[in-house]
Amino acid sequence: MKILLAISERDLLTSLQKSFELDGHTVIPAFDGVQAAASLQNVFPDAAVIYEKLTRITAGQITESLNKNDVPSVILTVNRITEDTLCGESTASSYLAFPFSPDELKAKLDAVIRLKKYGTAHDIRGVRIDEQRFKLGETKLTAEEIAILARLSQNKTVPNECPFIYINALNKKLASEQCGFRIEYVKNIGYRQVDHNE
Amino acid sequence: MNKARKRFILYAILALFVLLTVLISVINVINFTAVSRDADRVTEMIANGRGTFAREDPGFQKGVKAEDDGPGSSELPYSARYFTFRFNRGGNAEEVAFNTVSYTKEEAETLARSLQGNSVGWVDKYYRYRVYTSGDFTYVTVLDQTRELRLSFRILNISIWGALIVLCVCLAFLIFISRKLFGPLEEAERKQEKFISEAENRLKVPLTVINANAEILEKSSGANECTQSIRRSASSMMTFTKQLADLSLADDGTAKKEKCDISLLFDRAVDIYSPRLAEKGVSLKTDIDDGAVIAGSKNALGRMAEELMENAFKFAEKECRIALKKEEGHITITIANDAQIKEAGKDIDRVFDRFTRLANADAKPGNGLGLSFVKDTVKNHNGRLKAEYADGMFTVRIVL
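Sequence order for the protein chains is U and B.
So the first sequence is numbered by this note's numbering: it starts at 149 and just counts up by one.
So the second sequence is numbered by this note's numbering: it starts at -16 and just counts up by one.
If you're looking for bench data, these hints aren't it; they were derived computationally from the structure.
From the three backbone atoms N, C-alpha and C, an ideal C-beta is built for every residue, glycine too.
Just to be clear, a hint being listed does not mean it is correct.
Computed beta-carbon distance windows for the label pairs [as the list claims (entries may be wrong)]: (1) Gln326/U - Ile160/B: 50 to 56 Å; (2) Ser301/U - Asn(-15)/B: 36 to 42 Å; (3) Ile148/B - His344/U: 50 to 56 Å; (4) Gly312/B - Asp171/U: 56 to 62 Å.
Working from the sequences, and respecting the hints, build out all of it.
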């Protein structure tokens, strides 16, 4: 698997590069946004890991370029992930807050790549969800939000530990796409779809 | 403006308001009482003269200063504006005195007739009356106090406006002075928060690097005591920095307040932790009222519920109880567990201080930030909380 690592922290870039290479992946390292953009001219990776404080060209601009070519990305952030992060203008496929272990990053990358390869497009209450493009109608979804919707539509339980930020952000996106339902926690049952008029 | 400064200004203004209100009330009550008392003395004099001023009254002797127009002054019979009517048993009225008042004689007689059943009081806003009997007659004297009462109302008006102006000036002064007083404190608080945030952020990336490199070493050269130690320490530090980041969630005054079903938040926390408690052999009793709703941050309140359950899970030996009760205007949450706490002491509330862990916690993982998060969340939702340790049970009581 080809992975673009665009990280403006030398030691971190080196460590993650070695970690991925040990797992047998091909890594395209980029120390700043200019290098990342240049590498995208030659070959598109299967996925990208972008440090939010990328220098020279911003992480947002690189992610936009990746989205145009349907390359999923994970943004690394030093700040707490909030609903504003998930609902904001940045359009990454997933977010990971520092500090994290390489295994956590790999789990995120696996999730976004799996969706890219095997995701389906289907309707959910009349609104199109395109898992491969990480979209619900015109709204961008993260991999975590797609996983929540998938479990609910298959009548599987969403883990109780699922952070509120994903549920709250997803509810905002469902409302903006006028899906007609929201996700609520039900005692002894867990998260489930609830119609707006319930 | 931070909370402490706002509270200082509010309490100072409230204290000044109470003081001014009491002062104005006392001054004006004394003033009005004096006006009533003086009016009563004059009507009493008139009553003693059977409806008019008696010349032989010692108060009207020459020698009393003419400018003293109070009761007893020689000017009084000339300056007092009053009328007196007397009524016989048949109800017939006779004018006794009519000294320059704005009523017509017919109006005055009608008014006097209507006052017959009373004794003394105020009528028609500015007039003090007295009803008394002498022989077969009932006398009604009505004394005009317009000038005196208008002066009293003016004093009241001036004192109220004066007090309002004083309050406004004091408020402006307090806002200015508190900036000087609290400015350094607010600045220190901001710097401290910025320092913690910067320190936190500067730790996060290197920690990630350390952890990643330890993993690489293990994969390439095999795990050993050193690499495992590095990973354990890195993991502990990573947990600590995540908890520090969570504290900012509790402190986030800008978080939007929305309607939160806190019963569901605690149900969720119970659902997460009940299997873990069961596995540990701890019995969990819950008594959560449905539909307890407050305005707040769902993220912070949900994490608060999780932290309380995490604390119970860590320290409960055999028993854990959680109750959430909807009461009149507030919600009470009680979590109790049979933690073994040596030397709990009277200041058990110190468990809510950052980085404070009681003696029994040494063997358990943690950094002393969980209950601190709970405290900050409760405070930011205008609630209160208390810890107790009695009869082998550690209890946290929260009122929101």
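Query raised in the report: Any of the earlier hints contradicted here, and which numbers?
Result: Violated hint (a single one): 2; every other hint is consistent with the structure.
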